[in-house]
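S.K.: One letter stands for each residue in the lines below.
There are 4 protein chains.
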Amino acid sequence: MAELNTPYRLASKTPDKQQTVVTVRNSTIGGNELFMIAGPCAVESERQLFEIAGAVHAAGVPFLRGGAFKPRTSPYNFQGLEKEGLRLLKQASDTYGLGIITEVMDFSLLDLVYPYTDIIQVGSRNMKNYHFLKELGKTDKPILLKRGMDATVDEWLLAAEYILLGGNDQVILCERGIRTFDQSLRNTLDLGSVALVKELSHLPIVVDPSQGTGKRSVVGAMSKAAVAVGADGLMIEVHNDPDSALSDGPQSLSLDQFRKLMKELAVLSTVTGKRFKSKTLEMIDA
Amino acid sequence: MAELNTPYRLASKTPDKQQTVVTVRNSTIGGNELFMIAGPCAVESERQLFEIAGAVHAAGVPFLRGGAFKPRTSPYNFQGLEKEGLRLLKQASDTYGLGIITEVMDFSLLDLVYPYTDIIQVGSRNMKNYHFLKELGKTDKPILLKRGMDATVDEWLLAAEYILLGGNDQVILCERGIRTFDQSLRNTLDLGSVALVKELSHLPIVVDPSQGTGKRSVVGAMSKAAVAVGADGLMIEVHNDPDSALSDGPQSLSLDQFRKLMKELAVLSTVTGKRFKSKTLEMIDA
Amino acid sequence: MAELNTPYRLASKTPDKQQTVVTVRNSTIGGNELFMIAGPCAVESERQLFEIAGAVHAAGVPFLRGGAFKPRTSPYNFQGLEKEGLRLLKQASDTYGLGIITEVMDFSLLDLVYPYTDIIQVGSRNMKNYHFLKELGKTDKPILLKRGMDATVDEWLLAAEYILLGGNDQVILCERGIRTFDQSLRNTLDLGSVALVKELSHLPIVVDPSQGTGKRSVVGAMSKAAVAVGADGLMIEVHNDPDSALSDGPQSLSLDQFRKLMKELAVLSTVTGKRFKSKTLEMIDA
Amino acid sequence: MAELNTPYRLASKTPDKQQTVVTVRNSTIGGNELFMIAGPCAVESERQLFEIAGAVHAAGVPFLRGGAFKPRTSPYNFQGLEKEGLRLLKQASDTYGLGIITEVMDFSLLDLVYPYTDIIQVGSRNMKNYHFLKELGKTDKPILLKRGMDATVDEWLLAAEYILLGGNDQVILCERGIRTFDQSLRNTLDLGSVALVKELSHLPIVVDPSQGTGKRSVVGAMSKAAVAVGADGLMIEVHNDPDSALSDGPQSLSLDQFRKLMKELAVLSTVTGKRFKSKTLEMIDA
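Protein chains in written order, with numbering that gives the first Met the number 0: chain A, 0 to 285; chain B, 0 to 285; chain C, 0 to 285; chain D, 0 to 285.
Just chain A, with the same shape it has in the complex:
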């Protein structure tokens, strides 16, 4: 696809553009490192978050995820701890030396969330909120742009283009499954999109197999598939007590399951393109 014909001039891969490598808190996304994010779907309590954060850190993972403001289909479901959730994330970050990624649901919440997060997550439901994307182009923190569950690959790259055009070139794409007729699993995790994005764009891309499947027992297999297809990283939901989680328990790994997966990924990554950084490998082996 020639540069002049692509609708996403800045996001497209061209001979004269280098692969984008986002660097944040000693981690890189888009280079040789297999980047890892793990944590609960939502921040629920200090005890929950710290127990998970400790295990995430001990498994060698550099970044903690956790929702403080949660987009929920029903207004009667848990909506997140909001500002208290942000505060807890910050504490966990300070305690364990973890980077933080959390979602900003709306432009009006950006100023509130900004100081608490290292990477700003744009959720699937907001990928087509173009006014918001334009404003994110003016920020100076990396943006993790989840794919809309109804977005084509072109629409996704055009959403990235909105941010790039605003002046922020630290965009990380995140495949998290699309909505199809088959609802055997919560979403259809589209790994073909990862292979295609690697061809079309210089932007790094990570995969969320937890949202992408909704089912704990297949998260490990899909994590490996994502690494094998060439993803730059993974974002995985883990919980200290998945069956009691206030949101998305069925798709969260237990801490033990997660540790086991990290070991398996370390082995797999010896024959694929991206490796865990040495600090991660040391902690996995410990």
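Check the hints yourself; a few may be wrong.
Put simply, identical chains are the same to the list, so a pair is met inside one copy or across any two.
Keeping only pairs whose Cα atoms sit at most 27 Å apart, straight-line, the calculated DSSO-like set for lysine-lysine is [said to hold, decoys possible]: (1) Lys259 x Lys278; (2) Lys82 x Lys273; (3) Lys259 x Lys140; (4) Lys16 x Lys278; (5) Lys259 x Lys12; (6) Lys214 x Lys259; (7) Lys133 x Lys262; (8) Lys273 x Lys137; (9) Lys140 x Lys262; (10) Lys262 x Lys82; (11) Lys214 x Lys273; (12) Lys133 x Lys273.
If you are wondering where the hints come from, they were derived from the structure by calculation, not from laboratory data. Remember, it's a predicted structure, so these values are computed and weren't measured experimentally.
Please arrange chains B, C and D on chain A, whose structure you already have, making use of the hints.
M.R.: Positioned in the frame of chain A, the structure of chains B, C and D alone reads:
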């Protein structure tokens, strides 16, 4: 579906709840009136808007649509006249006595748009922006809530529930097509959802056959189908020069095509549940 | 769409081709007549079929449907009465003067079914069985070609082209809903496809709102929408005891519901393009 | 999922059932071997088939694919060499010692194709032709059952159940992509289904990344992902001159690309569950 089992307590139809009838500027939506909205996809210029508004008024239509802030897939496409567009809508409203409906793309734009519109439109891409929906629950103007192109009927009614729960009970649903594998037409206009919403909910529902098909030549047939299935109204894109429109020209009716459709709908509605109000019928006959 | 560019040369509408009108047993499909087919999903017993056939006849409907060989998702579900079902259809036809339409599931069953049916139905699951379609092109009976639940409009017209190219020009299309992410209803009945087919092709098209929705309570509304959009006819499932039906009871109308719908369609059709034939109207009024 | 509640009693995994391992011509599918099938989409000529078969053999692949009867969306496209194609497959098999897999499009063609093939392929378009599936249950050759492009995992396993119930327990599932709104690639290859099938069923499952993506440049990455997720094998389209192929050239690997992929898979499989058999490894190393 019993009240206690529905996830949308306020939006659901129950024996003790009356059908919601939204009244705005002498029009009703949800009662016996077949409610009509027409106008351009986007406000492009004073001349364009006034020519269309004049024709819309002359055809007996009480409400003018027109986007001032446009959600566009590509940042390189026309993004709307923004504040100038709002000003023009107000002028057209004053000149022709038309009600105004226009989209608010984001909560941060609500205060700006609020004074210019009679009905606040929430676009398909924002139907799952729950933070925004909560804020809309605090406003005192009717909300036209377009269905997300990836939203199930339940998710749509739950989005309405967010607004209702906030205290605003003037919610009008708008079916505008869903995204499916078949892209022969731009979207798949799901009229079954209209029949289903009439069973599940007391909220009024209108249909947008322009977005719902993307193709001018089938808008008339689908408008009639929407009336036959029981919709409370229609929202139709018309343009004085569709082939030069800055957005969505292919789905816009010419002014002549629109006048002809209004006459046909007047005939059809004599045997269906909703009728044009008498003022509309007089103007159609004139 | 110019003739030379269409992939379906025989199925496409061109200035020099007339609308196809299929004539079978005093009924026409594709002309001015609103053509009706009604009957059970499956033939279950003599008593069931005759009770339904009597009511269908009394409502003025010229054609009886009923499956003798049923394509069922599970091998443990009722598979049809097979040859005995065909024999009962023939008896009911003789008794009530009704035309018969029934499905042929596979080429190997064609010779068996052929003598018992006036119109050969190709089911949704077989629309892409091209070997079978070629063989149907050699038969001399009208073919009702249901749309595949995963077929685009182009693919559907190309399936018709296989039959036309074989020499059988009596092809009737049948929209029966497509499979989408929204499973609030069993299928998404795509009435936009009917409007589009009317533009692209000279072939007649009928609508099956029973399969198309899977829900009795919306079949009436969708029948009216189908007539309003311009369909040439309807195929509707009715049952003498829907709640005990061996297949698809939830989408079958009771005999009373069906009679009521026929009266409503007679009224609606006074302002739409197709009318019931006078014999039908007489029986509805009786 | 408990045995008694599953709708597919024979296809479901239960504590007392062993994993099905299909053995055919010295190869096993479902055990420790990573099973490989490669070849052209369609048999086009003796020269084409032998050149490809020679390369497939030289790469250590035990089975040759190639369509003799081709299901094509348009009747104007190449429909296959039919009986001559079968004869050529047999010759290639004899010359190179390759097993053969080819599609049977319809029950009426089964007797013709049977003697020429080692594994009978049921195409995506025929997965719901239940009459045909019943008849396949009576044969004594392994069946490769492609997933319908509109089939849920449950429907797919129920289609397998039809064959198993007929008495043929040699069923191999094949994931080949589903049809979704995103048509950036030809299909959406659903690797989540592979992980899910491994949980639900004891049947072996292979992946077709060629049909599954329609795009040569991503076939390699998706092949690796399929192996990482746990598939029992791969079916890959290769062509001696992909740009001149009579069908599906864009998704076919060149012979060089295929050889390179085999080497990469050999490396990857050292850390995943299935390995190439030693003969394959020897030929890859040669």
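S.K.: Indicate, hint by hint, whether the structure satisfies it.
M.R.: Hint-by-hint comparison with the structure:
Taking the closest pair of Cα atoms, Lys259 and Lys278 come within 27 Å of each other only inside a single copy of the chain (17 Å); across copies the shortest separation is 33 Å, beyond that limit. In this assembly of identical chains, Lys82 and Lys273 lie within 27 Å of each other by CA distance neither inside one copy nor across copies; the values are 36 Å within and 48 Å between. In this assembly of identical chains, the alpha carbons of Lys259 and Lys140 never lie at most 27 Å apart, being 32 Å within a copy and 40 Å across copies at closest. In this assembly of identical chains, Lys16 and Lys278 lie within 27 Å of each other by CA distance neither inside one copy nor across copies; the values are 30 Å within and 44 Å between.
In this homomeric assembly, Lys259 and Lys12 come within 27 Å of each other (Cα to Cα) only across copies, at 24 Å, whereas the closest approach inside a single copy is 36 Å. Only within a single protomer do Lys214 and Lys259 lie at most 27 Å apart by alpha-carbon distance; the minimum there is 17 Å, versus 35 Å between protomers. In this homomeric assembly, Lys133 and Lys262 never come within 27 Å of each other (Cα to Cα): the closest approach is 40 Å inside a single copy and 43 Å across copies. Within a single copy, Lys273 and Lys137 get their C-alpha atoms no closer than 30 Å, and across copies no closer than 49 Å, so neither meets the 27 Å cut-off.
Proximity of Lys140 and Lys262 under a CA criterion of 27 Å is satisfied in neither setting, with 31 Å inside one chain copy and 41 Å between copies. Taking identical chains as interchangeable, the C-alpha atoms of Lys262 and Lys82 are never at most 27 Å apart, the minima being 35 Å within one chain and 53 Å between chains. Taking identical chains as interchangeable, the C-alpha atoms of Lys214 and Lys273 lie at most 27 Å apart whether they share a chain (25 Å) or sit on different chains (24 Å). In the homo-oligomer, the alpha carbons of Lys133 and Lys273 never lie at most 27 Å apart, since the shortest distance is 32 Å inside one protomer and 42 Å across protomers.
Hint compliance for this structure: hints 2, 3, 4, 7, 8, 9, 10, 12 are broken, all remaining hints hold.
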